[in-house]
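Protein chains in written order, with the working numbering: chain A, 1 to 81; chain B, 1 to 81.
Note that these hints are calculated values from the structure, not bench results. Source: prediction; values computed, not measured. Hints may contain errors.
Same chains, same names: a pair is fine if it fits in one copy or spans any two.
Stated by the list, open to error - Only pairs whose alpha carbons sit at most 20 angstroms apart, straight line, appear in this in silico EDC-like list of lysine to aspartate or glutamate:
hint	residue 1	residue 2
1	Lys40	Asp63
2	Lys26	Asp63
3	Lys10	Asp59
4	Lys2	Asp15
5	Lys45	Glu31
There are 2 protein chains.
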Amino acid sequence: MKVTVFVSPKNTVLDPQGAAVEHAMKSLGHESVEGVRVGKTITFKMGGSDSPESREKLDKLCDGLLSNPVIEDYRYEIEEG
Amino acid sequence: MKVTVFVSPKNTVLDPQGAAVEHAMKSLGHESVEGVRVGKTITFKMGGSDSPESREKLDKLCDGLLSNPVIEDYRYEIEEG
Chain A
1 MKVTVFVSPK NTVLDPQGAA VEHAMKSLGH ESVEGVRVGK TITFKMGGSD SPESREKLDK
61 LCDGLLSNPV IEDYRYEIEE G
Chain B
1 MKVTVFVSPK NTVLDPQGAA VEHAMKSLGH ESVEGVRVGK TITFKMGGSD SPESREKLDK
61 LCDGLLSNPV IEDYRYEIEE G
């Protein structure tokens, strides 16, 4: 199965990278831009198929390695094949 | 409109961050993981609505600021409201 994990900073957490990008966009003339947040995506292939067991594994991976649950949220999409 | 830009390393480009994550996943016991790639997402709000003009603006933004077209690909999704 093909997995895409989306990790984003929690809404309540400051995102300095997003603030820097917003500043840069505004100085390039895109004044109407606001609320820029920068997150990451991790895509990979993994053995097995979409099942409660593999979702449990994925949750552990996301919580323990791919995101910092104190300041980040995650969600993932699974594509078979 | 709400815009989400997805930036990912081109398939032909080495992704050392992805390789590091893959190594970590494997040492945590997820041996079947392969082809890990790490990209980023940039979400923001912008004035105006989905139109050829705003897509042209967005293409310029993505090409010039949000991605490095030599080594990265991008795509974006636009949500009204």
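- Numbered hints the structure breaks, given as an ascending list: Going through the list in order, the structure violates no hint and respects every one.
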